[in-house]
Every structure is written in C-alpha cells, then in structure tokens.
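As a plain string of letters, each chain reads:
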Amino acid sequence: MTSPRSVDDRLPLHPVEFRILLALHDGATFGTRLVERIEAAEPAMTLYPANLYRRIRDLLDGGLIEEAPAPADADPRRRYVRLTGLGRAVARAEARRLAGLVAEAARHRLLTEG
Amino acid sequence: MNARFGDDMEALLRHRLEKAGTSGPRRAGVWLRAIADVLVQAIALRFDERAERRRRVDERGETMMTFRSLLQDIRYAVRGVRATPGLAALAVLTLGLGIGASTATFSIVHGVLLEKLPYEDPDRLVVVWPEVNANQTMVALAEEQMASLEAVAGTSGWSLTLTGVGEPRELDGLRVSPAYFDVLGARPLLGRTFAEGEDLPGAAGVVVLSHDFWVNAFGGDPDVLDRLIDLSGADYDRRRVIGIMPPGVEDPFQEVDVWIPLEGDPALGLEADETWFVNTRIARIAPGATIERANAEVRVYAGRVQAAIPNVISREEAEAATVRGIREYRTRDVRASIWVALGTVGLVLLIGCFNVANLLLARGDRRRRDYAVRVALGAGRARMTRMLLIEAALLGVSGGVLGIAAAFGLVRLIVAQAPDTLPGIASVSVSPTVLGFAVTATLLSTIIAGLVPALRAGRVRATATLGGGGRGAARGDGNRLAPLLVGVQIALAVVVTIGSGLMLRSLTSLLAVDPGVDGENVMAFRPVPPGGRYPDGPAFREYYRQVTRRVAALPFVGSVGGIHLLPGTLNNWSFPTFPEDFEIREGEPVPSVNFRAVRGDYFETVGMPLRAGRPLTDADGENAEPVVVVNERFVSTYWPDANPIGKTLSIFSRDGTRYRVVGVSADVRQHRRDMDPLPEMYLSHEQVPWNQMSMWIVARVRPGAAEPSTRAGAIRDAVWTVDPQVPITEMAHLADILVETTRGTRFLTILLSAFGALALVLCAVGVFGVTAYTSGRRRAEFGVRLALGSSRSSILRSAVSRSLVPVAAGLAVGLLAAGLGSDVLESALYGVTASDPATFVAVTIVLGLTAVAASVIPAWRATRIDPARVLASE
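As you go down the protein sequences, you meet chains A and B in turn.
According to this note's numbering, the first sequence is numbered sequentially starting from 1.
According to this note's numbering, the second sequence is numbered sequentially starting from 1.
Quick caveat, the hints were computed from the structure, so don't treat them as lab data.
One should not assume that every hint holds.
[Claimed, not checked] One side only, chain B facing chain A, incomplete, derived with CB under 10 Å: (1) His15; (2) Ala42; (3) Gly164.
We put the CB at the ideal spot given by N, CA and C, even for glycine.
Please model the complete structure; the sequences and the hints are all you need to start from.
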C-alpha cells in the first residue's frame, strides 16, 4: 500500500509526465512507441527526444516508472519502461485532482458553450 | 541520459524525420526543433539542479535553525550558571567530590577485583587445597591423580640476602617446582627456566631473576646471565643466574625478586618427605576440564593423602579440601570490604546529587517568572526542559571534569596508603575502564540531579505565573520535593555514617588488643653476614654473641636480645612437635607448633612477661642441656592440667633431641591482632639444629637517653666494630612494625570515615539549603504572625521543627535500613557487632545535631524580618 503522503508529494504532475503515465497504462513500451500513444491521444503534444527522455529519467528517478524486460523479439537497443505501483497511484491521484479542478470550473460555468 | 537512452533518442529523432517525409523544409524544421529541444532541456536541467541545491540548502537551513536554537539554549544555560556563581560552584564542587571519590574507589575495585591477572588464560589458574601445607610429594601426586589439572607447581616463600653486588639487600625469594612457569604460562626474556633435575638435592644452585630486580640490582645488564651470585638464606649458597623473566611476570601471592628451585627428593615418598614448607600449590585447569571437576577430584586426592599420612593431615582438613580460582582466593579477605566501600561512596554521590537537585529546584522556583516569559514567547515544554537539562549538564560535566582530576590525586593517595598486602594494589590506576566509570557516573549524576528540576520548568504555565498577580502566585505551588529529598539524603547518610562508625569502633578495638610485645623504644635491626664469611655454625653464632654484647654496652641501651622472625611480620616457621605425655590419637596429625629462635635477653627487651620459670639466656649454649620456653597457649593446648616446667618436647620426630621446658611466656599475637595466638616454642639460637640462622637484634633504648637521630648511627657503629664487612640489611622501630599489622583495617576505616564525613557535610548543606528555602517561602506567614504578636523564638521553633520533620523521617528509615543491611560489614569488623547499639545511637545523635545546627542559622535569619516591610511587599 503506497503511503498517501508520498503520492501527494508528487502532485501536481507535469502534463508531459501525466501523459506518459497515462500512455503506459496500456502496457510497457519504449520511447518512440510511447510518443505515438501520446500523440494519438493528444496530437498537439509533439515530444522531441531531449524533452521526452528528461521526463522519462525524472519518472524513473521518482520511482513512478521502471525499466521493464523487452519482449523476446524486440530490438535489443530499445529500453522498455512500465508503470510502477506508485506510478499508478500517482496517476490516479493526479486524475482526481484534475477532475476536481474541472468540477470547480464547471461550478463557475467555465465549461458552458459561448 | 545519453548513455542510457542514446539509442532511443536517436530512434525517436529518426521517427520524427520519417514523419516529416522527404520535404526539405519540414525535415529542416524537425532538426531545428530537435536542436531547440536539446537547448531548452539543457537550460531546464540546469535550473532543476539549482532548485535541488536550494532545497538542500533549505534543509540545511532547517538543521541550522535547530542547531541555532540549541546554541541559544546553551548560551542561556551558561548565563544562568554565571548569574548564580555561588550555587554553580557549590553544585560543581558537590558533584566533583562525589564523582572523584567514587571514581577513585572504583579504581580499587577494578585493580584488585576485576582486572585480568597478567597471566596466560588467567581464568584457568587455581590454587589446590590451600587449606594445608604440603610437601613436594603431595605436589607430584596432585598432578598424577587429578586429571582435571594440566600442571601443578608448589611454591614456598624464602627470604634471601644478596651480597657482593653493591649494597647487600634483603630479597623476596620464592622456591618453586619446575612446572611453575608453565603453570603461569610465562616465558623468560633471557635464558631459560628450571629444568628437570635442578630441584634434586645436591644439584648445582640456579636462580631466575625477576625483571624489576634485574634492572634494580644489575642495571638490566644481560651479561648477568650465567654469573654466580651470593644468596644466603638459612645456609650459604651461590647460584648461577640461568634466566631473567620479562616485566609483568609475578607470583599471584607475593612479590618476588628471585625464583629458586624447590628442592626435594622424589624418591622419598609421602611419609618420608619432610619438605613441609610448600605453602601454596598453583595449577592450571586442563583444556576441557572445569573447576567443578577439579573440586570433585581434589577431595578424592586429599582423602588418599590423609589415609597415607594421618599423623600430618586430619580428616577434617581432607574433607575441606578445595580448588579455588586464584583471583577469587587471593582477594577472599578483602572482597567484601571493597564492595562495601564502593557501595558507600555510591550512596555519598547520590546524596550529593540530591543536594544539587534541591539547589536547582529552589532556583527554578525563583526563576519561575523568567520561565513563564519564555513560555509566553513560544518556547514549548520540550524546549524548556531541554534548556534546564543543558544547564544541569553544564554543571554535571564541570563536576565530572573536577572529579576526574581529583580522582588522579586520590588514586595516588590510596595507592600510597593502602597495605602492600592488598593484592593487585599495583594495578590500581585511572585506567580507561575507570575513566569510563567516571563518565558514566557523571552522566547518571547529571540525570539524577537535573531531570526533575528540568521537568518542573517545562510545566510552568505562562498565564498562571504572569497574569495571576502577586508574588504568591508567581512562586507557584512550591517545591514539595525538597523535604522529601532531604529525608532521603538523611536516610542514606545514616547508612554511610553507621558504616564508618562501626569501622572506627572496630579499629579502636583492634588497636586496644595487646599484641603481647611492647615495641615502644625498641630498635630492631638485622645484621646478615655475607655467605661464606662465617662458614661454620659456632663462628656464625659467635658473631651474633659479639654483636649482642657490643650493642648492650651502648650507654643508652637497656637490654638487647635477638629473634630470627620478628613479631608482626608475616613469616612463620612451624614444625611437627611431640610434647611429652601428649597422646596423638590414631588418625590425627602431629601437632604443628610455631617456632622461634631467640638469644640474649629477648623476652625482657620486648616486654614479654614470663608466666612461669625462667627465660632463655646465653648460658643455654651449644653444649648445655637443650631447653625450650613455650607460650601459654602451648600449655593450655598440650598440658592443660600439668605443670609444664620440666616437661620435654622433641621436634620433627618422636625420637629426636628432647628439649626441656624451663619457662612459660605470655602469648604473642604474631601476625594479626584479630587472630588468636597459636602454640609457640622458643629455642636458644645456640641450640638450634641449623648452622646459619640470621637474626634480628632488638635493643630497648632508655627513654630520653639519646637523640633518636643518633641512636641508629651508634648502633650501626657498634655492630661494625665486630665486623665492618657485615651489612645491616634493615633497621626500624619495632613499634612501627607492629602497627603495620593493623594497616589493612586502618585503611578501610579511613576510607569509610572520609565518606561518612563527606556525607555528613553534604547533608548539613542540604538541610541548610532546604531550611533557607522553606523559611524564605514562609516570610509572609512569619510577618503576619510577628505582627499579631508571636515571639521570634516561637517563629524560630516553628521554622526549625518544620525542617526537621523530613530529617526525623530520614533518620528512622536510615536506621532501619542500616540495621537490616549492616551485616555486609560483619567480616571486616573486630570486637564489635554489625548491629552495635552504641554506634547506632551515636550516629543518630551526631546526624540529628548536625541537622538541627544546619537548620537553625537560616531559620534564625528568617525570624529577623521586619514584619511591616514584609507585609507591605507581599
């Protein structure tokens, strides 16, 4: 069970980091594939190598993701990453936080047309 | 990042370029954006690192904040201490004395009882059947029959005089079996130890030197190996130096300058072996064996020996045979006393801690307002407690430093004053272990003295103290602990002072015991002809005859005599003796009687009265009838119903020379005043069976007949007119020698008395302080009473009696505790029981009076108030 304190400490997540965690919910993958998943969900987020891998490194250092064993037929140069339990908990917490923000925005009628 | 993800980054860039297709501008755009991405991320990473560093600095800052507050508290504590220098000095002095005294006492405990003996595997060293004397054969049999012992060695003390090397000197010699050094696990520094055969009669004389003796006598010269040196004991002999031991090798029971082989013929067998001077047998427990097994085996062995020689060893002695650890055995007489001393000084330290606690509590009360302000300003309870603890620690540490410094001096004093016979006294020092004890004592003292005052400070409530109005509220609910602490102190002091009181009475009883000889105005000295100077018996004895005559001719000398072993020394000779008509029952040992050789007017010179008959004189010469003087104890033991004059006895064998009893002397306490005298016999030096027995000469000086400083010189000159080549190895006042026998008791008495005095002083200070405090708090009450017409004397009585309530309670509890616990001192006492009523009463009176005196002064001061002024200010 992840302690509530360590999860809350990580919020708010950087949008790119949150995107990476969301994308990894579909399973472990490597850099280019990850970017494709992110761009499929949010086409405006164009990630270049330095940015992406800095975020990946930060998430690795923070324990939200971890390196994963590559499938047998994979290119040995590709380094796979996957979510950790903490990463899942933090993603959930961030989603709840954002949902709370959205609900607040709705109360202020920021989401109505026009 | 490149190292880990370089391939992936390259792959992503290719992916982007593939998505850009073949369009040049779009591909150029990808490259530009990739480069910009790298630049931006590089800058971002730099900011990240700085943020990280700042975070770490903030953390450090927080640590700095905690550290700063600690420094503040320390500064506050120092200010507090400096604001009340008198109190601080008293507290530091009190703790310092207590810690110093207890550290010094622990150094004795450590050096004598705890320090590892300087031998290989010392826990496996034992003494075998120490309750009896043995002969050589018994030693060999022990090794043969006791499988639990790896090696057994016999030892026998032997005085020797070294001549021909600088000043002639008396040596502490030890005769030992060949296995001795193996038992101790000691190897020589130079040369070798004894080999098989060197202990046989007729073997060439050899000797092993101790390291200290080698350095003192021969300057540490290795060329002394193989040299012949002159050592004359009872018979002249020259011995070859075959080995030198390294420093630190010593016998467990005595100081040794030289070791020589214990001579004996192994072929003799148990009954015929007459070497009955093997006083001690040491052994090493074999690997895998235990002391318990050795104890089981020794009783079997002792039983066999007793069955073979029932005329020497009794059945009781055989049944009582034990094997004991060497450390435990050699400290058996002093262990209880030393632990009592440590316990006592611990109580004194506790009394001191309570004194300091009371001082801090009283001061805490005076500073309540100050504490309340701090609490109001945000200092939490924990912080307040911490501040006071730091203050207590400052005092405690200062006391500890003072105590450790004092301990060094005290230890030196103790070592100088302690009896030489205290085993391990040489290892008493302020060692790292002892310092560790001092640090622990300091820590515990600080906690005991400082914790309660510190906790009380933490409980101060700002509003109640500051806003309550009036000094009464500001003073809080008062310090109820102070009287309780005083009561406890008094109780502890009762225990301590009863201990010292009992020891004082014991010492008085001991000193009152008549040793049987009068050493006042008696000079004792020992001329020892060097080996070979008077090789035959008659010439040797003629020398002493001449010396006695010359000394007797001195104008200030009243009478002169000689004896081969002075009273008051530890040496003793005793021999199997066959008194006429005394039936030695089957299975019982032959009586062993103390023996002394005397000459001249010995009995008259040392003030030994004759109870019957006549003393030995010079007329009892070599060719005269063999005669003997026995003591009263001899008569009451062997001839209780007969007139001893005219009876005979023989020594060593029933058929030996029979000596006729011509006189009965009074009993003498030869060794210790608290030991009953034993049967003794005195033979004339002219008639003893040995050729070369060196003698002590004793000369009674007429009081006032000569200056003390000139006596020694005149005696020496008189001795040297007979033969200037004969050295006088020792000269002393007999009275001083006799007093040495009480040194052990005196030492313990002085120690415990010092603790008792310290306890008394500390209690007086404590009572004084608490009375001043409680009387101060009652100023308003006193003011009102005075204004209403009470007399000052009734106020005084009230103040004193209030402070004496805890004293009375403390006395009662202390007397009860002492009554229950004083048995621990029983073994050290003489002539007084541990529950001696006189001592208990005396201590009660002394402590009670001290407490009253200590309370009167502050109480009286409290009555000197001006009631009008007091009432106005309250």
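Hints and how they fare:
1. Proximity of His15 (chain B) to chain A holds as hinted, the smallest CB-CB distance being about 5 Å (cut-off 10 Å).
2. Satisfaction of the interface hint for Ala42 (chain B) is found here, the shortest Cβ-Cβ separation to chain A being roughly 7 Å, below the 10 Å cut-off.
3. For Gly164 (chain B), the interface hint is violated, the least distance from its beta-carbon to any beta-carbon of chain A being 88 Å, above 10 Å.
Hint 3 from the list above is the single one not met by this structure.
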